[in-house]
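Participant: Here the protein sequences line up with chains X and W, keeping their order.
If you want the numbering used here, it's the 1-based position in the first sequence plus 200.
If you want the numbering used here, it's the 1-based position in the second sequence plus 1277.
Take these hints with a grain of salt, some might be off.
[As the list claims (entries may be wrong)] Straight-line Cα separation of at most 27 angstroms, DSS-like style, residue types lysine-lysine; simulated pairs:
#1 W/Lys1436 to X/Lys456
#2 W/Lys1514 to X/Lys456
#3 X/Lys461 to W/Lys1514
#4 X/Lys519 to W/Lys1540
#5 X/Lys461 to X/Lys363
#6 X/Lys461 to W/Lys1484
#7 X/Lys456 to W/Lys1540
#8 W/Lys1427 to X/Lys456
#9 W/Lys1484 to W/Lys1279
#10 X/Lys522 to W/Lys1540
#11 X/Lys521 to W/Lys1436
#12 X/Lys328 to W/Lys1509
#13 W/Lys1514 to X/Lys489
#14 X/Lys461 to X/Lys404
In case anyone wonders, no lab produced these hints; they're calculated from the structure.
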Amino acid sequence: MSSVLVYALHNNGVINKNSLGAISEGSRVAGELGGQCDVVVVGGADLTNDVLAALGNYGAKKVYKVDGAEGLSQPVIDAMAQLVGANGYNYALFGGGLLGFEIGAGLAARLDAGVTMEVTAINVDGGKAVAERPILGDSQISISKYRSDLGIIIGRINAFEVKESGGTAEVEDLAVTFSEWTSRATMVTRGEQRGADINIEDAKVLVAGGRGLGAAEGFQLCEDLAESLGGAVAATRAVVDAGWFPYAGQIGQTGKTVAPKLYLAAGISGAIQHKVGMQGSENIIAINKDANAPIFEFSDLGIVGDLNAILPKLTEAIKAKKGS
Amino acid sequence: MKICVLVKEVPDAAVDKRIDPATGRLDRSGETNLNPYDTHAIEAAMQIREDEGNGIEVGEIVAVTMGPSGAERALHKAVSLGADRSIHLSDDTLAGSDVAATGYALAKVLESENPDLVLLGQQSDDGECYTIGAVVADHLKMPSVTQVVKMVVTAGNAKCERQAEYGYDTVQVDFPAVISVGDAINEPRYPSLKAIMGAKKKQLDVKSAGDVGIDAGRVGTDGSKVSCGDFKAPPAKAAGQIIEDEDTNDTVAQIVAWLEERKLIA
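Whole structure, please, built from the sequences with the hints as guidance.
Facilitator: Here you go:
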C-alpha cells in the first residue's frame, strides 16, 4: 500500500486552489497505488474543523492540523517529517508555489528523499509514481523516477485539476516536536498588498507589461491600449517587485492566473513563472524587441519590434477602427 | 560575521541549451557565465559589509561553487565582484548529482566554513529553481528564506521581504541562516579592471569530496534519489505567426486585421 501526504496552503482559513488541485491529484494517485491521501495543514484558530473536514470532498482521507504560524516552511517540514516517520508515506505532494518549493526541498534534505519540481503530470507505472517535468523552456519533458522510500513531487501551479469527489475527511490535531532552528524564523507580516486593488481576473482583454517597458511610466502605453480595447492592464513579477505596478495586477507563479480572450504581452520575455499564469488565454499576442524571447514560442502572433513605436500607433488604429 | 555565497557557472543565456542524449544531463559545453542571480547574492553580501549603520563587521566573504574544472571561472568573477576568497568543490564522484545530492555536498563544504550567513541567487537559468537554498539549510540546521527582494540586516538577524501567494511577506530569520535572493534586491556593481586583474591572485581552494567528508554513496548519478534519464517530447503546438517590424504602419495594420479576424475589436 502506497500512501500520499499533501501539504495544503491556506490564507485565513481559505485553502489555496493549487492545494485543492494537489489533494485531488494525490487522491487519484493514491487510489491507483491502493493507498490513501492524507493532508497536513498548519495554522491557528482560522482553521476550523469544518474547513478541514471539507477537504474530504477533494479526496483527503485524513487531515492533520498542526498549531503554528502559516507561511513559513520550517514548521511544515518538521510536521511532514514526523508524519512520514510515523505513517510511512511513499509520496509527499505540493501544489506548487513558493512554500511548496521550500518545504519540498527541506524535506528532501531531512529524509534523504528524491525531489522533482515543476511537475505537470504524475503517472503510476509498476506500482510506483513517476513524475513528468517540462525542462529547457518546456521544449522537453523529463521523466523522474524515485529511488528513495519517499518521493517528493512539487507541482507546477495550475497543473493539477481540482476535482470534487464528495466525502468528509477525518480531522486530527497533531502535536509536532519542532526543530531548534524552526523557532529562528518568524513571520513579521504576511500577505501585505502593495499598490491599488485592481481586478484583472474578470477582464476579457488584458494588456500586460514587463521589464521591456523600461520604466513605470511605460505602463501608460499599456493603459492607453487597454482602454481602446475595453480591457485591463496586468504586469509581470519583475516590474511589481520593482514597484512599477500594483501586486494585485500581477500574473504568474505568485500572482494571478488568467485566461482572457486576448492577452497582449508588451516587453515580456515569457519566463515559465509568467507563462503558467496566462497560457490558458485564448489569443496571445507578444511584442518584444528580442527575437529569441521565449514568449514567441507560445504566442499566436509575435511582433519583433520596439513597443514604444508600435503600442501608440496600435492604440490609434484601434480607436479609429472603433470610431468608423 | 562570515558570509558564504553559493555561486554557479551556467551556460550563457544566448546559448541554445540541450540535453546530451548519451548522459541525459544538460550539455554544459560552450560559452558559460556566472549565474546572473548569483551576482545579486554577492552584491547583497557586499552591501552588508559596506553599510556602516548596521553594526556588523563582515570578516570574510567566501564564494563557494561545485562543478567540473572550468567552474573556477565563476569563482574568478565572484571574487572580482568582492568576495575575499573562494572554494571549488570538484570531484568526479559528484557528476550527475541531483538537487538533493548537490545541496548535501554544498552543505558539507559550508559546514567546514561555519558561516553566519549563506547567500545565494534564488534560481539559475540551467535547471534547478528555488530549491537548493532550502536543501542546504536543512542539512546545516539553519532557518532559510528564499526569493527575497529586500533584506534589512542587523547583528543578530535579517528581516526578509518576499512575494508569496497572498502578497508580500516579511520573515525574520535569526543567524546563522540561509537566504536566497531575487534580482530585484539590488543592482550589482560592475567589477573594476583592477578587481578583474586581481581576481586570480585571491586564494582559491580546490576541495575533493573526501576533503569535506562527503559520503560518496549520497552523491553523483548513483547516489541521487531521482533518476531522470528518460525524456519525451511535449505535445506539439502550432507555431504562431511572427512579424518582424520593419514598417510600423504596416505592422499595426496586420495586427488590427488579425484582431478583427478573431472578432477581438468589439
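Participant: None of the hints should be skipped; say for each whether it holds.
Facilitator: Hints versus structure:
no., hint, verdict
1, W/Lys1436 to X/Lys456, "26 angstroms, holds"
2, W/Lys1514 to X/Lys456, "24 angstroms, holds"
3, X/Lys461 to W/Lys1514, "18 angstroms, holds"
4, X/Lys519 to W/Lys1540, "15 angstroms, holds"
5, X/Lys461 to X/Lys363, "25 angstroms, holds"
6, X/Lys461 to W/Lys1484, "56 angstroms, violated"
7, X/Lys456 to W/Lys1540, "26 angstroms, holds"
8, W/Lys1427 to X/Lys456, "22 angstroms, holds"
9, W/Lys1484 to W/Lys1279, "20 angstroms, holds"
10, X/Lys522 to W/Lys1540, "12 angstroms, holds"
11, X/Lys521 to W/Lys1436, "52 angstroms, violated"
12, X/Lys328 to W/Lys1509, "19 angstroms, holds"
13, W/Lys1514 to X/Lys489, "23 angstroms, holds"
14, X/Lys461 to X/Lys404, "5 angstroms, holds"
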